[in-house]
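Chains as they are written, first to last, in full-length UniProt numbering: chain A, 1 to 106; chain B, 1 to 106; chain C, 1 to 106; chain D, 1 to 106; chain E, 1 to 106; chain F, 1 to 106; chain G, 1 to 106; chain H, 1 to 106; chain I, 1 to 106; chain J, 1 to 106.
Because the hints were derived from the structure by calculation, they are not lab data.
Which chain B residues stay away from chain C? Per the calculated CB distances, all over 12 Å, these:
1) GLN30
2) ARG33
3) THR63
4) SER71
5) GLY93
Here chain D is said to cover these stretches of chain A; the calculated rule only asks that three of the stretch's residues, wherever they fall, bring their Cβ under 8 Å from a Cβ of chain D:
6) 57-67
7) 71-84
Sample of chain D residues at the chain A side, in silico, Cβ under 10 Å:
8) ASP14
9) SER17
10) ARG18
11) ARG46
12) VAL47
13) THR50
What you are looking at is a predicted structure, and each value in this text was computed from that prediction instead of being measured. Where is the CB? At the ideal position from N, CA and C, for every residue including glycine.
Number of protein chains: 10
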Amino acid sequence: MEFLVRQLNRMPADEESRRLREELRPRERQVARQLRDAGILRRLWRVPGTQHAIGLYEAEDATVLHDALSSLPMFPWLEIEIQPLAVHPQERGAPPGPAAGSGTAG
Amino acid sequence: MEFLVRQLNRMPADEESRRLREELRPRERQVARQLRDAGILRRLWRVPGTQHAIGLYEAEDATVLHDALSSLPMFPWLEIEIQPLAVHPQERGAPPGPAAGSGTAG
Amino acid sequence: MEFLVRQLNRMPADEESRRLREELRPRERQVARQLRDAGILRRLWRVPGTQHAIGLYEAEDATVLHDALSSLPMFPWLEIEIQPLAVHPQERGAPPGPAAGSGTAG
Amino acid sequence: MEFLVRQLNRMPADEESRRLREELRPRERQVARQLRDAGILRRLWRVPGTQHAIGLYEAEDATVLHDALSSLPMFPWLEIEIQPLAVHPQERGAPPGPAAGSGTAG
Amino acid sequence: MEFLVRQLNRMPADEESRRLREELRPRERQVARQLRDAGILRRLWRVPGTQHAIGLYEAEDATVLHDALSSLPMFPWLEIEIQPLAVHPQERGAPPGPAAGSGTAG
Amino acid sequence: MEFLVRQLNRMPADEESRRLREELRPRERQVARQLRDAGILRRLWRVPGTQHAIGLYEAEDATVLHDALSSLPMFPWLEIEIQPLAVHPQERGAPPGPAAGSGTAG
Amino acid sequence: MEFLVRQLNRMPADEESRRLREELRPRERQVARQLRDAGILRRLWRVPGTQHAIGLYEAEDATVLHDALSSLPMFPWLEIEIQPLAVHPQERGAPPGPAAGSGTAG
Amino acid sequence: MEFLVRQLNRMPADEESRRLREELRPRERQVARQLRDAGILRRLWRVPGTQHAIGLYEAEDATVLHDALSSLPMFPWLEIEIQPLAVHPQERGAPPGPAAGSGTAG
Amino acid sequence: MEFLVRQLNRMPADEESRRLREELRPRERQVARQLRDAGILRRLWRVPGTQHAIGLYEAEDATVLHDALSSLPMFPWLEIEIQPLAVHPQERGAPPGPAAGSGTAG
Amino acid sequence: MEFLVRQLNRMPADEESRRLREELRPRERQVARQLRDAGILRRLWRVPGTQHAIGLYEAEDATVLHDALSSLPMFPWLEIEIQPLAVHPQERGAPPGPAAGSGTAG
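The whole structure should be built from the sequences, with the hints applied where relevant.
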């Protein structure tokens, strides 16, 4: 099941927070990489003009998704909104191939 | 450039509107197919519990995107919100291959 | 997976709509009963002072939930908001018994 | 009478707050257990991607509910919204048995 | 238990609706009088500049309140929001007398 | 003239604020008592699950009401919203007696 | 006591409504003139780009103000929001003269 | 003085409205041209995915702007929001030349 | 040109801020007096129950108004919303006399 | 492609922040000048009564725009909202001249 996830970054703008974010970044990238490898994190976009992100996730259910998101080092500073997604009629029955995997219905 | 597009269906619930929607559906699917073939419409999801949809589009700019959306037969009944998307640092420099095309960073 | 579903009834107040709602009610109850028997609809509450309802649903994913909700005869007049639910840490590992089934953690 | 309670956790993200939350957790669980044993707290869900929770409570009236909620050690950091619930016509007259207690109408 | 009830009048402004409202008024007043006599409707105010009202109700629970509100002839045109009220610490233990009944703490 | 006043308590949750609130409480109660004796504060409710309150006030005009509210020791931490109230047609012409004073129209 | 009144014009845009508004205008102006002569309507502005207005009213209380506003022929189509106003400390004690009456503090 | 004007098109989606819009278009374009020639309408953008527009206007004051906007044939169907603009410090003192006139600070 | 200005006071409630506000008050009053003498600040009201104010200003354009508002010592703590005002048809052509100056249309 | 950018300044009001803003200003102006020279920043307005700004930008896509905005020294304190703009039908086919460049359609 897919989820559209809006990840608002609420870390403050002061110097100390910026240092903390720099410290967290390598581990953040590593966890994100693991989530991609596990097929949970499918896409990630930057909301332009902000430190926010929008992600496309795939997880068995909301509990698995919650566990994935709360494993992110930045999690305590993220305000997260989750939109569950249903398959669109136009994409039902799409052939299971690389194209389907890449988001086009074939 | 990618855009996340929320397509709220504001067609009323009465019987006449339902007939109209049925009439429009084949042409709607045909236009959607053309937009997919042109690489403009990349993914489309159903917002569960509604007639709304969320789409991932790719277009050169907002004018091209507007022309694509306004070619949909349902366009007069759609309330559309567009979120422009920037490439996320984690996906910059992703190798240009099928994986990149499918939204994972490799 | 559980979902909390807010079902806002947007049927107008005029006499004709009231008659239509009366006509739909037996079939509405029948479908609701089927959803309860299938274990999809777990609880349903009336939002006091309104014709709205709040339901607790259980479904494999958002597509299954969407199919269930859109099978309701009143669906074209419902404005539906879905909150996906994750298991709370306090209820993880609750013994699989009637108490757990009834929503208390044992 | 049942109430749907949205419990938004507004404790800040800094290290000191995280330590405080760890300290409060055992007592928090103990109070929650007492509320469950007293039949006041019926279900509790995690809002995925957040530290928020949604609870189903049963209390004689809003004053009893307030006393229960304000006994939670985390109460000073919770922003709470309460939705009073009325019995839905579909669940009126449900047979008083384990099934009714578990939220299905029989 | 007391409830603060915001009753937004959504009847349209056209001539036909105005006639309908005139027709409903005597029965509306009669039902309101019955609710007052039953001790359910305690106070009713006009929101100035509107056709809306704010009421102070007392009912055993939300189901009883819902039954009272939905018995109003204007109910199909009312958009109702209910705020459950808890006893304020300053008014707990107020002497049971006419003053308490009238809403002052003695 | 009556006013419905929503008093949102914005005092923070930290330990120092809690001590300050304890210190202010006796004086808060004393001022509230004076406002009740002066016929300005007519009722006060606790918004369940919060530290907020809703009050029914009676004052000659908004300036007198403002002076009363700003005399509360907690005033600097209150976010206050005021709803002016007009007499409802159902309560116009109510006999000037104890019943009218208690909020029922006789 | 002064009130700031936002008068949103919700009359539809169709031809019939436009004719009705034309018909109502002379009587609307006449009532407005009476309210000005009675010292109730002090100022009236057009919200640019709309058919809405913002008015400064003076009335003994909200009931008198409501009676004035509901006497406007356009009242059934107005969505009205009322902001009660208190005297600002800078204008308290302003000399009772034409200048004070005209809204400047002297 | 410059104003940023959001022009939301609220004309319904039905066939009759679409014909009306087609009829109004030539006159709409003509009035827009006149406003451009008069230096009042400086720029106009399409909000992508909608029939809305955002315009940059220049007018002596809000009354002149209102007269310009209400001269548009589509005005009865427009919901308009106006943001007054002040000169930014970076553009104060820009040399009076074609560049300044074109909105760049030189 | 007139502007309606909502001045939300966002200074915190702590003791230090209260001292600062006391310090700023004489200078605040002096600047306000200068703005009144210059005919820029026409009226100022207290929003009851708050430290906010609503002002009626007159300025040549938004840049002049901005310069006036930003000269207030409290400006850094004010969250300001500006509503540009157009002359209402009922007040157009009002005779230029003291009555017009005082906001009534003659 | 053009973008309308709302730049809300969230830097706090305290003395230290004011000093920091003063320090950042020369570099802020320098970066803004570079963005103007590069044709990215086309116009910038002050939202009157605030420290916010509205800008008209031109960039190849949202990623280029994000890079430009995040190069501003004030970026960590800005809350930015981006509205993508499509060419309006009235401005399509405008002759490529200084007038077009300056925002009028010729």
